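Whenever a hint applies, use it, and build me the whole structure from the sequences.
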Amino acid sequence: MKIENKWSKITGWFISRPRLSTFIVFLALLVLICPLVLQRYEIIKENREQEMSNILHVVQQNLNHSLKNCYTTTISLAMIVNDNGEPENFDALAKVLVESNPTIDAVQLVPNGIIKYTYPNNPDLIDFDILNTKSVREEALETIQKGKIHFAGPLKLKQGGLGVIGRLPVYRKGKFWGFSAVMVRLETLFKSSGINSIKDSRYYFQFSKENPKTGRTEFFLPNKENFADKYFQVLSIPDGNWKVYLISKNKYGLISEIRPALVLTVLFCFIFSLFLTSLLKKPAELQLLVHDQKNKILNDEIKFKSIFDHAAVGIAHVDSRTGCLIEVNDQYSRMLGYTFEEMRNMSFRDITYKDDLEENLKQLERLKSGEIRELTIEKRYIHKNGNLIWVNIAYSPLWQEGEEPSSHISIVEDITSKREAEDAIRKSEIRFKSLFEDSPIALWEEDFSYLKNYLEEIGLIGKNREEVKAFFDANPEVVQKCITLVKIINVNNECLTLHHPKTKEDLIQRLGDVLNNDSMDSFKAQLVAITQGETRLTIDSKVKKTDGEYRDISLRWSVMPGYEETLERIIISTEDITARKISEEIVIQSQKKMESLINTIDGIVWECDYNTYIFTYVNQKAEEITGYTREEWCSDGNFWANTIHPDDKTRAVNYCAIESKKSQQYDFEYRMIAKNGSVLWIRDIVNVIYENGKPVSLKGIMIDITKSKEAEKDLSNSLELVTEQNKRLLNFSYIVSHNLRSHTSNIQSISTLIETAETEEERNELVKMLQNVSNTLNETMLNLNEVINIQTNINLIIENLNIKDNIDRIINIVSEQIAFKKAVIKNNVSPEIFVKYNPAYLESILLNFISNAIRYCHPERNPVIILNSYIENDKTVLEIADNGLGIDLTKYGDKLFGMYKTFHENPDSKGIGLFITKNQIDAMGGTVSVESEPNIGTTFKIYFK
Amino acid sequence: MNQIICLIDDDPIYQTITKKIIHKSEAASKILSFPNGAEAIDGLTKLVQQPEEFPDIIMLDIEMPVMDGWNFMEHFQKIKTIFPKEVSVYIVSSSIACSDKERSKSYNGILGYFTKPVTLQNVLEIAKS
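So the protein sequences, as listed, match chains A and B.
Per the working numbering, the very first residue in the first sequence carries number 1; after that it's consecutive.
Per the working numbering, the very first residue in the second sequence carries number 1001; after that it's consecutive.
FYI, nobody ran anything at the bench for these hints, they're computed from the structure.
Because the structure is a prediction, the values reported are computed rather than measured.
One or more of the hints may lead you astray.
The list that follows gives simulated cross-link-like pairs (lysine-lysine, DSSO-like), each with its CA atoms no further than 27 Å apart [what the hints assert, rightly or not]:
id: 1; chain 1: A; residue 1: K891; chain 2: B; residue 2: K1080
id: 2; chain 1: A; residue 1: K675; chain 2: A; residue 2: K662
id: 3; chain 1: A; residue 1: K875; chain 2: A; residue 2: K895
id: 4; chain 1: B; residue 1: K1046; chain 2: A; residue 2: K891
id: 5; chain 1: B; residue 1: K1024; chain 2: A; residue 2: K768
id: 6; chain 1: B; residue 1: K1078; chain 2: A; residue 2: K891
id: 7; chain 1: A; residue 1: K727; chain 2: B; residue 2: K1101
id: 8; chain 1: A; residue 1: K768; chain 2: B; residue 2: K1030
id: 9; chain 1: B; residue 1: K1128; chain 2: A; residue 2: K768
id: 10; chain 1: B; residue 1: K1101; chain 2: A; residue 2: K895
id: 11; chain 1: B; residue 1: K1105; chain 2: A; residue 2: K895
id: 12; chain 1: A; residue 1: K191; chain 2: A; residue 2: K158
id: 13; chain 1: B; residue 1: K1078; chain 2: A; residue 2: K895
id: 14; chain 1: A; residue 1: K891; chain 2: B; residue 2: K1030
id: 15; chain 1: A; residue 1: K581; chain 2: A; residue 2: K469
id: 16; chain 1: A; residue 1: K230; chain 2: A; residue 2: K68
id: 17; chain 1: A; residue 1: K727; chain 2: B; residue 2: K1105
id: 18; chain 1: B; residue 1: K1105; chain 2: A; residue 2: K891
From the structure, some residues in chain A lie toward chain B, with a derived Cβ separation under 8 Å [claimed, not checked]:
id: 19; residue: S745
id: 20; residue: M769
id: 21; residue: Q771
id: 22; residue: V773
Incomplete in silico selection of chain A near chain B, CB under 8 Å [to be verified]:
id: 23; residue: N84
id: 24; residue: G85
id: 25; residue: S737
id: 26; residue: S742
id: 27; residue: Q748
id: 28; residue: S749
id: 29; residue: I750
id: 30; residue: I754
id: 31; residue: T756
id: 32; residue: T759
id: 33; residue: K768
Every residue, glycine too, gets a C-beta built ideally from N, C-alpha and C.
Structural data, given as structure tokens:
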């Protein structure tokens, strides 16, 4: 067990870490296989070495062979040197030797180190002293030293090119004779050795010569680079101090051999480990799954437990066979008042109220038999303290369908309060029912849902009010259909009384009859209300009782709360308001009468607020008279003040304010501006209305007195005119009588005196006086005539007269007086000015003023008269200014133009001139004014029309 | 009687006539005359120093230039205090207007109103009173 455990633990560890294990395996495999690879490497290396040494061996053999040849050749050559040191038959032998030895290029005999004989013949070489030539000396000496053949070179040949020379020291008679040499070209050497012919691309040869003395090494083959770091094998040829190297070209040449193997190996390892991974993964996953499942189950268990424990409803796990309570949650025990311990041994039968138990059991049997899969019942439990509680139990079986019943879960909800509420509702419903039935107002309970659906169908819901109204008006058949869609759920007793149907059902059937044309409008209003989504409607309507009598009713239509969407429950109350309507009608009638009465008064009957002056009521006449509509009248408190004529405004407003404070009626007159701009004279009679001792409003009448005011004005104008005329007339007559009278009285007196005259002289005197008087009388009469003529003349000739010219003419006429008084007259009148005037009058006027000015000149100075003309206020003005005596206007101002009024002691002044002049000016429609200062001068201004 | 009568009238003919009549009546010892009210006031003022020249009776016309009768009366009332003697003023006018008559009554210096023509009887009446 232990080992097993350990083993499973280990494997488990591995399994649970697939990647890691993979990696480990990978490494392990790598480690295992590497030696193999290494071995292979070794093998290859060995092979290589073997190969190389083989090649080198071959080369060695060849070289040796060649060198041997050379040696034998040199020996042969040396043989021909006799004891005297003379070669015999050099050429023949040499030739034979050279021809028979392809490797040898040339032979030489070098007695005493001087080349004497060569084959092929090369004259350059003859007499070349080897021993004394520095370049070759060394080697030559070495040969001697060695005592055997020594190959010099490779060195530069005199013949050209590179070659080796093999020298054999020759002794004759025990002493050094010289050398016998063979010359081998380097290429020949190479060729014969097979160095050149190496075909293997993996290696190359290098040939070196080591100078023992200097230690220098020369290389003679291409690729002279350093190959110390490469793999090579060496062949040394002591005969010439040569070394032949066989060098492998690739440093890692070997490695490249094994590279594929290596790659393959790695790949293999990798794949294997991957395979392993996937293999391992499975169990790992499984492990995880198992773990998860375990967790889930755990969680579920916890969840279930918490639900069970903390549910707000009672949950019990019950054994279906015995009825015992296996497990209950807190709520359950709380509900019933027992602890879990107590309940453990109880079955549900113990706690179920006996009246409900039978039914309960019956149902449970059905559940157990499989007839039903779930069950919900309401029953009573007995609480520990003996109270009954109503519960709603839902049973859920824990056995599968078809299985034997094992246990079930009961979910128990305390519905005691709900039941109580239900009871209460039932009770109140009964109450309501009786209220409904016995209400003194007729009540209908109706269902409008079908109607609403129909209206929705025909698309009227939500449309605007006007559209809907119009639609209903235009489609009475739709309205009829709507009536039929209204379902009456219930009507109360009063309703029955009102309509006297035989029975409720009868009424319900004949709703259509109950609604007649007059009540159609109210029904339409209901329809409109529905389309607008309103939930209340109050409307007055008529209804026909079943006996044919019409009654006025107030219909209240309201949707019961909760049914706003469906309109399933609508309460309609119809209250008989016939009596009320009648009295309403009476009131309306009397109001109308009042209104018409007020409107017939030819005046504005108004009422306004005491403080704000806003009109609360004006009658119809207000608009007729002033043109302002009643709305404008009542618009704001400033309306009244704003319509008053600006000239009267302050006076009227102030008067109103002052008088309103007194509690008496008052009236005043002012002008009002009507809407069309015309001016109205108003007589306003105002009353102050008090409520609880405080003034609240003003009431009054405004009467249009424009006509009478105008008449008044005309009258007063006429009166003025007449009075004026009268005055003048009186004046005139007075003057006339006075003046005439003075003369006539004089005549009378004189004639009386003549009678009583004592002497002729006296009589004559008196007669003369009489003559005087009668003359004067005559004159007066003439004057008066003139005046009358002026005043009554209607056919005056009017001409366009040039003022300047006329003045000049007058100046001419009075030229004598001018000269006499040394007067200066300046006529500054513009020649452009013309007036429409009577020529005689103009002449008379000008004459009068000018002669007056001359006559009444100041005694201390010469009269200067200046005539000017200008326009003043659109009127042509002629100004005559003098520097004469002047007139005291304060004393005589009003008498200036009076008749027979003189102011200066001038015998010529009769007092008529200005009077006549004024009359003439007046007759022509102008005026005259005067400014004067005594002793300074006088200025007359004549205003022409 | 030797009263000094003063005529104030602008009509020279009337003055002449009236002087004649007064002569005939022998009511006055002396007759003064002024053509208008202004001169009359001036003259009377000057005569204040001479009481024996001062008139006792004034016969006053109404319609006169420069200063008419009523104006004269105004001034007369003002300077009455400096007069050396009581002067009886009578209005003699050709006006028959009631208003003039009424007006004359308003002046308490005016003792009578006569309309022209003045007769001998009128003068005697004046002189008597």
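Here is what the structure says about each hint:
1. K891/A - K1080/B: holds (22 Å)
2. K675/A - K662/A: violated (32 Å)
3. K875/A - K895/A: holds (26 Å)
4. K1046/B - K891/A: OK: K1046/B and K891/A at ~23 Å, within 27 Å.
5. K1024/B - K768/A: Roughly 19 Å separates the two Cα atoms, so the pair holds.
6. K1078/B - K891/A: Holds. K1078/B to K891/A sits at ~17 Å (cutoff 27 Å).
7. K727/A - K1101/B: Within the cut-off at roughly 18 Å; holds.
8. K768/A - K1030/B: Holds, because 25 Å separates the two Cα atoms, which is no more than 27 Å.
9. K1128/B - K768/A: violated (32 Å)
10. K1101/B - K895/A: Distance of about 21 Å is within 27 Å: holds.
11. K1105/B - K895/A: holds (24 Å)
12. K191/A - K158/A: Holds, at roughly 21 Å.
13. K1078/B - K895/A: Judged against 27 Å, a Cα distance of about 23 Å means the pair holds.
14. K891/A - K1030/B: violated (32 Å)
15. K581/A - K469/A: holds (26 Å)
16. K230/A - K68/A: violated (31 Å)
17. K727/A - K1105/B: Satisfied, since the Cα-Cα distance of roughly 23 Å is no more than 27 Å.
18. K1105/B - K891/A: Answer holds: K1105/B to K891/A is near 24 Å, not above 27 Å.
19. S745: For S745/A, the interface hint holds, since the closest Cβ of chain B sits about 4 Å away, which is under 8 Å.
20. M769: Interface hint status for M769/A: holds (6 Å vs cutoff 8 Å).
21. Q771: violated (10 Å)
22. V773: Because about 5 Å separates V773/A from the closest Cβ in chain B, which is inside the 8 Å limit, the hint holds.
23. N84: violated (217 Å)
24. G85: Violated, about 212 Å.
25. S737: holds (7 Å)
26. S742: holds (4 Å)
27. Q748: holds (4 Å)
28. S749: holds (4 Å)
29. I750: holds (6 Å)
30. I754: violated (10 Å)
31. T756: holds (7 Å)
32. T759: violated (12 Å)
33. K768: violated (10 Å)
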